[in-house]
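Go ahead and model the full structure; you've got the sequences and the hints to work with.
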Amino acid sequence: MSSRKKLLLMGRSGSGKSLMRSIIFSNYSAFDTRRLGATIDVEHSHLRFLGNMTLNLWDCGGQDVFMDNYFTNQKDHIFKMVQVLIHVFDVESKSINKDIEIFVKSLTNLQKYSPDAKIFVLLHKMDLVQVDKRQQLFLIMMEKLQLISDPYHFELTGFPTSIWDESLYKAWSQIVCSLIPNMNLFNESLGKFSSILDAEEIILFEKTTFLVISLTNQSLLQAVDSAPPDDLDPKRFEKISNIIKNYKQSITKLRSNFQNLIIKGSNGNHFYIDVLTDNMYIMVILKDNEQQPNAFHEELLVLENIKNARKWFDKIEVAV
Amino acid sequence: MDHSDGFFPIVAVFYAVFHPTEGTKIVYQVPENSIKTKTSNKYKNADKGKQSVDNSDEFIEDNDTSHLEGDHDDFDVGGENDSTKGLFNFDTVKNYIIPKSQLCNKLISVQIGKYKVMGYPVNIENTDYSRNSFNFNFCFVFDCNSDTTPYESAIERMGKMFRVLEEQLFVLSKLDKEYIYFKNRSMISPLTSTGTSPGVSTPNGNEVGVEYFFNPEGNLDHLSTPGHKKTKNISLSSIESLINQIYQDLNTYSECCIPIDLANSVDIKLFPIFPPPVNIKAQHVPIATVKLNLLVDSTWDPTMVKILPYIDGINSIKRISELADADYILTKQCIQHFMHYECLEILDIFQFTNIYAPTNFIGKFLKLLGMAEECQAYVVADSSNSLSKLPLTSFNGYSSLKSNSVPRRDTNDTHPALNGIKSTSMTLNSTQAPLLRKVSASYALESPSKSFMHSARGPSLGAGSNIKMENGSKKATISVPSKTTLFYLYRSLNQQLTLRDWYFHHQKLLVNVDIRRFINFGVSRGIIYRVHSYPILNSIIKSIENDGDDSIEALIHQVQHVKRVSFTSPERIRKEIKDQIIQERNDSGTTNIHNNRSLGQGSSTHFGDHESAYNSVDHTLDYSDWSEVVTEESDSEDSWIESSDGEGYDHESSRKEQEMIDLLKLVKGFQPYDSVCSHLHKSRAEVREMLEALGASSEINA
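As they're listed, the protein sequences go chains A and B.
For the first sequence, UniProt numbering begins at 1 and goes up steadily by one.
For the second sequence, UniProt numbering begins at 1 and goes up steadily by one.
Source of the hints: derived by calculation from the structure; they are not laboratory data.
Keep in mind that the hints are not guaranteed to be accurate.
[Stated by the list, open to error] To spell it out: a stretch of chain B is covered by chain A in this simulated footprint if at least three of its residues, at any positions, have a beta carbon under 8 Å from a beta carbon of chain A; those stretches are:
# : region
1 : 19 to 32
2 : 280 to 291
[Said to hold, decoys possible] Quick list of simulated restraints, FRET-style, between CB atoms:
# : chain 1 : residue 1 : chain 2 : residue 2 : range
3 : B       : 32        : A       : 251       : 53 to 63 Å
4 : B       : 524       : A       : 76        : 51 to 61 Å
5 : B       : 161       : A       : 27        : 32 to 42 Å
Note that this is a predicted model, so its numbers are computed, not measured.
Cβ atoms here follow ideal geometry from the backbone N, Cα and C, with glycine treated the same way.
Pasting the structure below:
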């Protein structure tokens, strides 16, 4: 039983919508996107996500002529049955007012036709802003937008993004995860698995896009009084997505497939990335046990464990 | 709706381009404001300074709620200020004017409302452009019923030419003064390079200094190679003038030649595309629809020039070729060419034994405006013409309406070339066949009067002496036949009625009517049709039913054998075998493999022992084309026999026998009487006689 989710991707012309779509869903690299042309009218993409879920992504061209159309002749066609609206703002835009105006129009129509939709706002091309100003700008923008959308009773979630770093992945992971109905199940199962393996951290990735679906961290499971892992980069997940994706692309150039990856770090960390189900990758991070120095983890054992966990996760997937 | 020069006019032309921020828009259109776009009915937008251009209308925008009132689209937009309602709304078709890349670089035509928009959208990908591609389209708007085939190749060529010009020299994208189509706006200034480039962001977040840019003019200046400065740079001074000129020239002259620069120009000439010529038969009669003798010049084909005076609406093609002493095949080809260029129409031979009947379009006579008036003008004839004095009363006794009764040999039934009526109709037509559409009553009036000056023939015209014509006076009163009369006359034709009988019945009503023209008008407008008579040999029918052709062969044997019994000699027989071989080789028909049922095979059995040099390919003759073959065939055959003839033998009877064979073949091919008569050069009565000799026969009218 597959579910179809309609995602609307809107924003002014040249804001980076088609680009993002290509990077996340079509395995383009950031450099490849130089070659993309303007989107004429609406481009539809159908993406299978996690097996049963189909994402229907409507990439709407942002030129004035098209925008006019979306809000007049085609409004019910476009705005009906929308699960998620992703509105892209270009931080470099010279005419912010116009951007906001369009946003407001989208909100109006969305409220009319799909009042239950979730709204995500992406402030794109953040790499063009100076580093220290980014956070500030983001906050100001989000405040403003939230004010505007309050009358429509929509809750906004915002992300600063850029195609040149991992922020894109974070945003999209969140977006997609919000669509998965039984996230809790994933989290729980992952927690259990983690405790069995005694792993430091386990992350679930979606296979094609490498978006993080679920993660668990041992420190979360343990009592609160254990040392918080503040030496861990909070952005590591997106970075991992980015890195692994690039790695995959390099491998494809050599015409081979990515199966699993085992990295043994010098500081005692072991990384296992393997296929979990048809649609997911799992990354297990094991730490050398301090109490037992020189004990090593059997690689094959770990892999075997992962294999066995497969059935478990398959069931969860099917229930999506 | 026909334009004067035969091409359907262009209603509008426009040039559309994909603007990076605005999207698909019409840059220029001619005539002005013919296509409604959102920009011509602009509502106030959030940048509050702007006011609506042109038609202030019902579009209101309330910035607070940002409600867009007025979901009007298409045709009810525009206030009372709008004088031209516009042909159609551009928004509905804009996605086909600049379509997605899969549809680009092909000829695309879209129909909207009453109009058809035809264009060749071009998509050029190049990283120099902002958004990495440039899309444009030159579109032509026509009425949706126009035949646009002459324009198609021209539009495509124009699109391709501009594509190349744009690829190489950026002719079109540089038209925009702000170079909005390019990534790097710093086009003009040579070398100072720090122009910002909004579209390009880089990993380190800094603005990339643009050292690379393209600027053909700049580069050339910079290079200053000898001769370069002298070459005129390609630039399109304005697209408006180009489109304007194309629109006007094509509509007025059907061609245009607009130079874009020293080397390039927009060269279009429209050629009408006619359907391929149809096959016509010897018994068809061409009638000219244009004054051909005015078009003749020294470059015309000599055969054409020769046959020209004989195309008068009375002579059949066969007859024309005889009168003009021209080869029949060439004549036929000339006529076909004339038909292809729509200079003449084809009619049937006018005979009083023809039968006509109304078609189901007879109502057109009443419904179509102007048709009745045209008919009146065309068919009116001087009441004192000879037709009214036709000595038809002598045929009073011939009241049987069945056409398969025993024919009587009478003057009216002879071949059209020979009968007395012919003389009358010839007088009527010694004027050239007039343009069917532009006949005025006075012209029709003149023709009979003129003709009588020339007429001096025909015993049946004995009435000629009774006619008092005032020389050159145009004041003779003519009563024009009324429309009801004409309609009644058309309606009164039926399939049982030959023209002669019909004339006889309606003599009084036909006093002012030229019958030949009356019939021609009806046939060419499709309100009556000709009912052909087909001679059928019962034996042929039986043989078809029994699925065997032997009876034909038997007949042929009979014919040949009877005549030839006394003449068999080895050389003669060999000659005949060779005849057959020639016949078969000359066959223009299809060669179907038939189980031993060809004529040749039959003859070979007949000539049993002498088959030696026989080409035993089975043929089934294609009888519809047989007629031509027969005629040349018989000629060549006769000449061949005569040339090698060394024995005294009877040409006459061999010719007769050949005629019988021809007749048989024609009848087997179910040719109508006209065709048979034309080919055998015999009158219908003679043909009937010959048929009787062959066996029981009947006629079918259809």
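Hint numbers contradicted by this structure: Hint 2 is the one this structure does not satisfy, whereas the remaining hints hold.
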